[in-house]
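There are 2 protein chains.
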Amino acid sequence: MNIGIVGLGLIGGSLGLDLRGRGHKVLGVSRQERTCQIAIERGAVDDASMLLSILTDVDIVFICTPIFAIAPTIKQLIPIISPDTIITDVGSVKRAVVEAVTPLWQNFVGGHPMAGKEYNGIEWAESGLFAGNPYVLTPIDTTPPWAVKRLEEIVRSLTSHVYLCHPEDHDRAVAWISHLPVIVSAGLIDACMGETDLVVLKLAQQLASSGFRDTSRVGGGNPELGVMMARYNRDFLHKSLLSYRQSIDNLIELVEQEDWQGLEKRLQQTQETRSQFYS
Amino acid sequence: MNIGIVGLGLIGGSLGLDLRGRGHKVLGVSRQERTCQIAIERGAVDDASMLLSILTDVDIVFICTPIFAIAPTIKQLIPIISPDTIITDVGSVKRAVVEAVTPLWQNFVGGHPMAGKEYNGIEWAESGLFAGNPYVLTPIDTTPPWAVKRLEEIVRSLTSHVYLCHPEDHDRAVAWISHLPVIVSAGLIDACMGETDLVVLKLAQQLASSGFRDTSRVGGGNPELGVMMARYNRDFLHKSLLSYRQSIDNLIELVEQEDWQGLEKRLQQTQETRSQFYS
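Residue numbers (full-length UniProt numbering), protein chains in the order written: chain V, 1 to 279; chain A, 1 to 279.
Just so you know, the hints here were simulated from the structure itself, not pulled from any lab data.
Worth double-checking, as some hints may not be accurate.
[What the hints assert, rightly or not] No farther apart than 27 Å at their CA atoms in a straight line, the calculated lysine-lysine pairs in the DSS-like style are these: (1) A:K202 with V:K149; (2) V:K202 with A:K117; (3) V:K239 with A:K202; (4) V:K202 with A:K25; (5) A:K75 with V:K265; (6) A:K265 with V:K265; (7) A:K117 with V:K239.
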């Protein structure tokens, strides 16, 4: 199969390595010539160009740009590709993308490979990045079943765990498990910044170990990514945040009232619930 | 030196292994005969007993019981040990312990080795548990300097990083970096429990990966430990919690008002601040 990839970063580059490894011909597009060169050198693509016209004869295109560039890129692609080409994306929110793209292109299937690393860029691309990780596809009522089936086969060949769901269900789920944790964790760091006694602040920095490290990790991550997820999944993140504030208020009340039995019961529930996430 | 250890769990047992390895004679006390036997078999103590009277001739005693048992244990020890014996503890809060014990025993130096594992009990004891980790000592104005110096030498011999500070400063610092994260993280799990759409909840469980795993880890931990820290560090935890709620409220407001520039600025600050904790 001829496969196009627009955007040769960590995800686009890693897709290219895997898809070439499975015998497909992969053509890449990047805005930067240097990225095209590295992608070719690293074997992530058979050929690469700064021009979308390299994608004239592809069967499927993966749009691996930042979220805001997905729909504009597809608009530019339309005059170039044939009408039966499948387009998919790898954005971490789906409702906004699917709503914007569906009127433009019928054979569009939203996608979200839930794999990543701390760093981005073609330099960090690796084969096997998606193996064993979730890869969500979000077809809607009007998506042609043959297009879903073909994309699903390709994604399964990466040995990802494939989940099919509605774009809205995807966004609500990732609001809980990806986007809410970023704000929760950023709030922890933000609160610590408020310590005005420098002796205590210095001591806190010296004593911080695995508990603080883990809980503060995603809140200390890439600010642009944090804003993107909040912006494009604003409604569901906001709902999750209000629910979270209620949970925190309840926990504060237990501490205020020194209701240690109530607190223990609550912590038993969270221990039990968390085990269901990793059973 | 003759060293006594009361409470032969993960911390007491690991201390015993390290101290015997450095040539000290270690005598242990546990309420359970089986624990005494395992401690002897594992080489964590030279001898062990269910009776405190085994500690008649020790130079220093480490109290490694749960926090609530520290002062009662020391009351029982007083008729047995000689007046120049140093007593220390390993509790994770210090102000309440130091206030309770100082009137009982002059040569008391509060201590907090910040090392731990997911599991507790003598079975998990290991040599080198404290190496490279913080070990806080919390002498006060009335603590004899010679007692601090002698304990500090022993703790340094474990190749721990030793910090000396006031009990209150310790408790304020660990409220930020140990105790607040537990509530923040428990709140995240608690909020997810509120998702009433079972399709979305199931999907969230299936898609949860490293971000949720890390942020929810300490909130899914041992409920008894969580309650102990809240109970004995209630005032400083409560202050941290109110500060945290303010941070979360501010972040929610940025999302509500779609102030993406403001959110990006805030996330840049948290990224920068976190790097200061692990520089």
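For each hint, the structure was consulted:
Between K202 of chain A and K149 of chain V the CA atoms are separated by roughly 23 Å; this keeps the pair inside 27 Å, and the hint holds. For a cut-off of 27 Å, the pair hint linking K202 of chain V to K117 of chain A stands: about 25 Å separates their Cα positions. Between the alpha carbons of K239 of chain V and K202 of chain A the distance comes to roughly 18 Å, so the proposed pair stays at or under 27 Å and holds. Pair hint K202 of chain V plus K25 of chain A does not hold up; C-alpha atoms about 37 Å apart against a cutoff of 27 Å.
This hinted pair does not check out: K75 of chain A and K265 of chain V have alpha carbons roughly 32 Å apart, beyond 27 Å. For the given pair, K265 of chain A sits about 38 Å from K265 of chain V by alpha-carbon distance, which is inconsistent with the 27 Å threshold. As the CA atoms of K117 of chain A and K239 of chain V are separated by approximately 35 Å, the hinted pair breaks the 27 Å bound.
In terms of the numbered hints stated before, the structure departs from hints 4, 5, 6, 7, listed from lowest to highest.
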